[in-house]
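Protein sequences appear in the order of chains A and B.
Just so you know, this note's numbering puts 363 at position 363 of the first sequence, and the rest follows in order with no gaps.
Just so we're on the same page, this note's numbering is the position in the second sequence counted from 1, plus 1000.
Read the hints as simulated data drawn from the structure, not as lab findings.
Label pairs and their calculated CB-CB ranges:
# : chain 1 : residue 1 : chain 2 : residue 2 : range
1 : B       : GLN1409   : A       : ASN59     : 44 to 50 Å
2 : A       : GLN409    : B       : ASN1059   : 46 to 52 Å
3 : B       : GLY1435   : A       : ARG24     : 34 to 40 Å
4 : A       : LYS64     : B       : ILE1430   : 47 to 53 Å
5 : A       : ARG399    : B       : PRO1081   : 25 to 31 Å
35 Å max Cα-Cα, derived DSBU-like pairs, lysine-lysine:
#  : chain 1 : residue 1 : chain 2 : residue 2
6  : A       : LYS157    : B       : LYS1157
7  : A       : LYS28     : B       : LYS1342
8  : A       : LYS235    : A       : LYS381
9  : B       : LYS1157   : A       : LYS406
10 : B       : LYS1406   : A       : LYS157
11 : B       : LYS1015   : B       : LYS1004
12 : A       : LYS28     : B       : LYS1406
13 : A       : LYS61     : A       : LYS15
Positions of the beta carbon are idealized from the N, C-alpha and C atoms, including for glycine.
2 protein chains.
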Amino acid sequence: MSRKEFNLEPMVKPKSVAVIGAAREEDKVGHIILQNYINGGYSGRLYAVNRNASGDILNVKTYKSVIDIKDSIDLAVIAIPAQYVPDTLEECGKAHVKTVIVVSGGFAEIGETALQEKIVEIADKYNIAMVGPNCLGVMDPRSRVDTLFLPTYKLSKAQIGGVSFVAQSGAVGSTVLDLISEEGFGLSKFFSYGNAAQVDEVDILNYLMNDKETKVIVMYIEGIKRGKEFIEIAKKVTKVKPVVVLKAGRTAAGVSAAHSHTASLAGSYEAHEAVFRQFGFTIANDVSELIYYAKIFAYEPMPAGGNVAIITNGGGTGVLTADAISSTRNLVLGEFSGGVAKSLRGRMPALVNIRNPLDLAGDADADRYNVAINAVAGDPKIDIILPIVLFQTPGADSRLAEELIKIKQTVNKPMAVISMGSQYTQMHKIMMESGGVPVFDSPGAAATALEGLYKYGVYLKTRK
Amino acid sequence: MSRKEFNLEPMVKPKSVAVIGAAREEDKVGHIILQNYINGGYSGRLYAVNRNASGDILNVKTYKSVIDIKDSIDLAVIAIPAQYVPDTLEECGKAHVKTVIVVSGGFAEIGETALQEKIVEIADKYNIAMVGPNCLGVMDPRSRVDTLFLPTYKLSKAQIGGVSFVAQSGAVGSTVLDLISEEGFGLSKFFSYGNAAQVDEVDILNYLMNDKETKVIVMYIEGIKRGKEFIEIAKKVTKVKPVVVLKAGRTAAGVSAAHSHTASLAGSYEAHEAVFRQFGFTIANDVSELIYYAKIFAYEPMPAGGNVAIITNGGGTGVLTADAISSTRNLVLGEFSGGVAKSLRGRMPALVNIRNPLDLAGDADADRYNVAINAVAGDPKIDIILPIVLFQTPGADSRLAEELIKIKQTVNKPMAVISMGSQYTQMHKIMMESGGVPVFDSPGAAATALEGLYKYGVYLKTRK
Chain A
1 MSRKEFNLEP MVKPKSVAVI GAAREEDKVG HIILQNYING GYSGRLYAVN
51 RNASGDILNV KTYKSVIDIK DSIDLAVIAI PAQYVPDTLE ECGKAHVKTV
101 IVVSGGFAEI GETALQEKIV EIADKYNIAM VGPNCLGVMD PRSRVDTLFL
151 PTYKLSKAQI GGVSFVAQSG AVGSTVLDLI SEEGFGLSKF FSYGNAAQVD
201 EVDILNYLMN DKETKVIVMY IEGIKRGKEF IEIAKKVTKV KPVVVLKAGR
251 TAAGVSAAHS HTASLAGSYE AHEAVFRQFG FTIANDVSEL IYYAKIFAYE
301 PMPAGGNVAI ITNGGGTGVL TADAISSTRN LVLGEFSGGV AKSLRGRMPA
351 LVNIRNPLDL AGDADADRYN VAINAVAGDP KIDIILPIVL FQTPGADSRL
401 AEELIKIKQT VNKPMAVISM GSQYTQMHKI MMESGGVPVF DSPGAAATAL
451 EGLYKYGVYL KTRK
Chain B
1001 MSRKEFNLEP MVKPKSVAVI GAAREEDKVG HIILQNYING GYSGRLYAVN
1051 RNASGDILNV KTYKSVIDIK DSIDLAVIAI PAQYVPDTLE ECGKAHVKTV
1101 IVVSGGFAEI GETALQEKIV EIADKYNIAM VGPNCLGVMD PRSRVDTLFL
1151 PTYKLSKAQI GGVSFVAQSG AVGSTVLDLI SEEGFGLSKF FSYGNAAQVD
1201 EVDILNYLMN DKETKVIVMY IEGIKRGKEF IEIAKKVTKV KPVVVLKAGR
1251 TAAGVSAAHS HTASLAGSYE AHEAVFRQFG FTIANDVSEL IYYAKIFAYE
1301 PMPAGGNVAI ITNGGGTGVL TADAISSTRN LVLGEFSGGV AKSLRGRMPA
1351 LVNIRNPLDL AGDADADRYN VAINAVAGDP KIDIILPIVL FQTPGADSRL
1401 AEELIKIKQT VNKPMAVISM GSQYTQMHKI MMESGGVPVF DSPGAAATAL
1451 EGLYKYGVYL KTRK
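Here chain A stands alone, though its shape is the one from the complex:
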């Protein structure tokens, strides 16, 4: 690459953190960030910086300048008014701070491009990797780094997992973070990088590509600044792990809104889409699709083909799922081999018709699902197992959820479950996902996710 690569490791796994702009006032951003480090149980060395403060803040030792700290600082989080950022960044440079996150707004997004250029210049001069300005920053539930300045009671925190999420927008980022707290797959890293003045999506992709804790990369992008470099990294990253992307600016109104938001030049959506497709990115059209794709990639291996078997305890839902699968371009309902009927003979109620969708009837229980899924999973003509479990029915209960978790451990093919409903269903969804079984809340959601999985599998084969 033409530009130097930044090492983001000290930012994501810092041994020492300085919060610059730390404050006693509870509503100040610098207070919330410091509090998040304390509440989050960050175990590294933590310092507060406030040029007017005397004494400690939140029991954290406080300095007038980062220069005064007699320690090597891996990460400085800067939360002070924009006009003071250049001088503070100079001090960070002199103090040999390795990385900084500038959460402050008031730069290019409101036309202050000169101020933004100035801070990039300083960061470059001192060889500091800088994320921001105008961003929420970074979260890593493993290292307990958390620079988000949002009230914690408003935002449920995600579990530790394998999905990393990169969002240019703090709003989209925090919403997705909150939403995935209800998903079983969990979070590896979160980056909200705002104006992308220096460190941008190319650097972050490069970091996440090599990060062993990251299994799936999910991105929300408004504009790509370094097209050539983006293409270079795009070529490489999808050979290593799946990347899901939601790109703003699909329409003229979206392009215009994106420019006003993060000063991004969204460019031609078609041109971006062509690049994404060429390099095997999975393109989401909405926030909900981001989550469907993240989930399927986090849980499932690549299918050998596109033949889906539907096994259901609700006839109508089986019909709707047959429609949803057949409406995709790449998936079909597989026809069962003779072996399925043979192995199910005498083991299903008389009313059960051995065909796909396989309707086990409204009283199906754990045992019936067990027999049916194992028969279907053994069929070489079936590539993907898609059980529908409606927990409103008499036979569907926690024993069935446990059975599906057990089956999943022995079935060597992708398997996703469709369950729709309120509390009783949600409880079992959480249970199944904790046990390694992804659960989707509609036939359309499952079909979308499985088609994404299939297409990425095809991409990987053609690239190898």
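With chain A's structure known, arrange chain B on it following the hints.
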């Protein structure tokens, strides 16, 4: 219509109900149904029928035959094995029972067409309106009629409201019932009509068209048997109230699965779709879309045009919503009149750019939303108000939710809110929907719903 019309009023609002097949065994369907009437607080006269029973069941007076009951029976619910249904139905006829629901399966759906024809013949002979067989039956939270034989702890019950739901499939029906328990709009009537041997979607549509408690009709259909009559009622019903339809059998696989499920001939989806479109039905493609459309019709008046104003506290979500709205065929982002900038002058922070989407910034609170929405709602060039409220941000709280409820009462234009998130957001969603403000969980969902509203409004105008 060529065939007689059935009066379903005694079925939905019965003064007296007999549960035939009532049983002491807790897992028997007849036990669950009787229990549901008792638990639900049904205030009419309730009888149990069991030809082998002596003494009461669940403290309900029990008879060997419906003939023995010295009362006029509005509704008999029949939950006995299929082969005994004809004789029991004869007894119902002799006892002048007005309506019956046959929940038992074992008829045309498994090839027993002769048995099914026989019960239709008996019902017709005695002038009984019969729903079923092979169905869940009817629910009306106002009259507390509930023939569903599903465990109540698995299925959250919907509130009382204006949406009636008609489902050929019990599985789809019970899932939707469970899902709408989390929605503010509430239920008017629920019909699961199974094999539609006698009473079918035409009769039910006719009933709901005239039902004053029903504001919106939502249907899941596998096959339509009486095409000509369906078209006749379709012409009339959408002039009176909106109808949302999810039709199974969009694909060959779906058609085949539907036939195996309720013996329905799904027919050409295109032909059905053409009829639905011609008569202003709103076509849903998934269960989730059924709920989006039900919600928007339950809450909102028709817009005067397709110009949408987006007001947001999250820039990125504003961009995505601009994309979602502009991606529809009928909606656009309206351009604000000069009056908006004028009335907002000096009342917004300096960073707020007066354009659509109107980004109020991440610290927007109730007051800022109030000023902004009122300014935009007064713009004659704006037809639909679409506030995005991300409750993860510092300024969004219960006061803002209350403010939106108040604003809604004065704004004379459709207004829907987009909020995405987990617990804290869900709490405010419930609050806002109880107060009359519909809330959608993604930009795509809101765009889909609002376009449906707009299209139905156009249909109504052209038909008047």
